[in-house]
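Throw the hints in and build the complete structure from the sequences for me.
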Amino acid sequence: MAPRRSRNKIADAAKQVTRAGLSAAPDRIVEELSFGFWVSLLGSGNNYDQHLWRPALYRAFPGWRGRRRDLHLKLDYLRVLRNKIAHHAPIHHRHLTVDHDRVLECLGYVDAGLARWSAQSSNGGLSRP
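FYI, in my numbering the residues of the sequence shown are 220 to 348.
There may be inaccurate statements among the hints.
What the hints assert, rightly or not - For each label pair, taking beta carbons as the anchor points, the in silico distance ranges come out as:
#1 Gly332 x Pro309: 32 to 38 angstroms
#2 Pro309 x Ala275: 35 to 41 angstroms
#3 Ser242 x Trp336: 30 to 36 angstroms
#4 Trp336 x Pro274: 26 to 32 angstroms
#5 Ser340 x Arg223: 38 to 44 angstroms
#6 Ile304 x Arg238: 36 to 42 angstroms
#7 Arg286 x Ser242: 36 to 42 angstroms
#8 Leu323 x Ala230: 33 to 39 angstroms
Just so you know, the hints here were simulated from the structure itself, not pulled from any lab data.
Beta carbons: idealized from backbone N, C-alpha and C, even for Gly.
Spelled out as structure tokens, the structure:
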């Protein structure tokens with residue numbers, strides 16, 4: 220079972236959905252939760268390894284063969300990058316090709332086919348003139 224803080228965030232997301240006049244269906248609640256929430260479920264606190272990762276959460280990442288802690292670090296890197304982009308922080312100084320490759324790498328942990336499709340469909344290696 221998730222700790223109280225996580226359960227509260229899920230309950231808040233359900234309230235947000237119903238305030239919008241929609242039924243609190245699981246898919247709508249999932250949409251309402253932040254990327255940071257999902258990354259936090261892989262964190263080291265609250266005995267997540269025993270309560271979430273080992274019993275179930277590892278199945279969401281069939282392409283991952285490492286430790287939960289290492290996956291958390293990779294996804295947290297993407298969370299920070301996503302927040303920089305969402306909040307219009309400058310990213311021109313970053314190695315964007317490396318960032319792009321890390322996104323594709325993490326997609327591969329969830330769905331190898333999606334990672335291949337994204338790599339073929341993306342122009343992440345190209346830079347704008």
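| task | Against the structure, test the hints numbered earlier, and report the numbers of the ones violated in rising order. | result | Hint 6 alone not satisfied by this model.
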